[in-house]
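Enquirer: Sequence:
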Amino acid sequence: MFPSMLSRSGCLRVTRVLQSYLDGEVDDTTSAIVAQHLEECRRCGLEASTYRTIKAAITQAGHDAAPVDQDAVARLRSFAHHLAEPRG
Numbered sequence: 010m011f012p013s014m015l016s017r018s019g020c021l022r023v024t025r026v027l028q029s030y031l032d033g034e035v036d037d038t039t040s041a042i043v044a045q046h047l048e049e050c051r052r053c054g055l056e057a058s059t060y061r062t063i064k065a066a067i068t069q070a071g072h073d074a075a076p077v078d079q080d081a082v083a084r085l086r087s088f089a090h091h092l093a094e095p096r097g
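Each residue of the sequence shown is one higher than the one before, starting from 10 at the first, in this note's numbering.
The set of hints was computed from the structure by calculation and includes no laboratory data.
Here a beta-carbon is modelled for each residue, glycine too, at the ideal position from N, C-alpha and C.
Warning: the hint list may mix true and false statements.
Said to hold, decoys possible - Distance condition first, Cα-Cα at most 25 Å in a straight line; then the derived SDA-like pairs of lysine to any residue: (1) K64 to R86; (2) K64 to D36; (3) K64 to P95; (4) K64 to S29; (5) K64 to L47; (6) K64 to D78; (7) K64 to E34; (8) K64 to E48; (9) K64 to V82; (10) K64 to I42; (11) K64 to R25; (12) K64 to H91; (13) K64 to Q79; (14) K64 to E94; (15) K64 to L21; (16) K64 to T39; (17) K64 to G33; (18) K64 to V77; (19) K64 to C20; (20) K64 to P76; (21) K64 to Y30.
Stated by the list, open to error - Quick list of the computed label-pair ranges, beta carbon to beta carbon: (22) Q28 to L85: 19 to 25 Å; (23) A41 to K64: 20 to 26 Å; (24) A70 to E94: 39 to 45 Å; (25) S18 to L55: 15 to 21 Å; (26) Q45 to A65: 19 to 25 Å; (27) H90 to T38: 39 to 45 Å; (28) Q45 to A66: 22 to 28 Å; (29) R86 to T38: 39 to 45 Å; (30) L21 to S58: 14 to 20 Å; (31) S18 to V82: 38 to 44 Å.
Start from the sequences, fold in the hints, and give me the full structure.
Expert: Dropping the structure here:
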């Protein structure tokens, strides 16, 4: 599944399953291969570390979260719709 793990294609293959790996949703073989790649590849290891940090922050924020500002949500939706409008 992951030939030449330190090649660019190896990194791309790991990137495709990284989120599933971090969520514990891959089989044991894939998990072992990805874990080894993350130990050997600095770039992918840093990416995984970043995802873990973000996930931990989101989890922590969920416990301490303030009420949702509905006006801010409406502004964000409006902005997103504006971005999605075709330009002509």
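Enquirer: Of the hints given before, which are not true for this structure?
Expert: 3, 12, 14, 24
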